[in-house]
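Visitor: Sequence:
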Amino acid sequence: MGTRITPDDPVACNPCSFFGVPAKTPCKIYAYFWEIVGCPESKIPPNMHLFTLFQDDVNPCMYRNVSDSFGWDVQLQLVGGPVRAVIHLWDNLGDCYFWDSLNGVVAEHDIFSNEILECVEGSLGLEGNAFVLWLEAAVSSILNLESGSLSAAGLL
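For reference, each letter of the sequence shown is one residue, going 27 to 182 in the numbering used here.
I should point out that these hints are in silico values taken from the structure, not numbers from a laboratory. Among the hints, erroneous ones may be present.
[To be verified] Computed Cβ-Cβ distance ranges for the label pairs, DEER-style: (1) Lys50 - Val84: 18 to 24 angstroms; (2) Leu143 - Val84: 30 to 36 angstroms; (3) Cys53 - Leu143: 33 to 39 angstroms; (4) Asp83 - Ile137: 27 to 33 angstroms; (5) Val47 - Asp82: 16 to 22 angstroms.
The C-beta atom is built at its ideal place from N, Cα and C for all residues, glycine as well.
Between the sequences and the hints, there should be enough to build the whole structure, so can you do that?
Guide: What follows is the structure in structure tokens.
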């Protein structure tokens, strides 16, 4: 007999021991960025863009997007010692526009704040925030935002 999966339940993949409930480690996670300020001569940051990150085949605690037509690479890594979640956003030239690390097990809608504080070679984005989510209902609500504003949707 099969198992019924409701639309709100992510499909479980290889368990990550640093995920809240390792048996429910999702195959894909979504990352959403907003209010990143580009440094002079940088690309326009991908604000209000939802990226789809897939679980790595070798490391079940690593998620990456398939480099998209916008030329952005996103990585979320769950690591131990102490347990934390690390997120990065790079352009196709390898310049970093966003990075942050949260202590503890990552939860849906945890807010990451950009730790890049100045425009220097290799770091071309300042300020801004990001969050990750994996439940389809949460993803649908982001995709259905008509105004493009998180505060208008009651998420902030």
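Visitor: For every hint, state whether the structure bears it out.
Guide: The hints, checked one at a time:
no. : hint                               : in the structure
1   : Lys50 - Val84: 18 to 24 angstroms  : holds, 20 angstroms
2   : Leu143 - Val84: 30 to 36 angstroms : holds, 33 angstroms
3   : Cys53 - Leu143: 33 to 39 angstroms : holds, 34 angstroms
4   : Asp83 - Ile137: 27 to 33 angstroms : holds, 29 angstroms
5   : Val47 - Asp82: 16 to 22 angstroms  : holds, 19 angstroms
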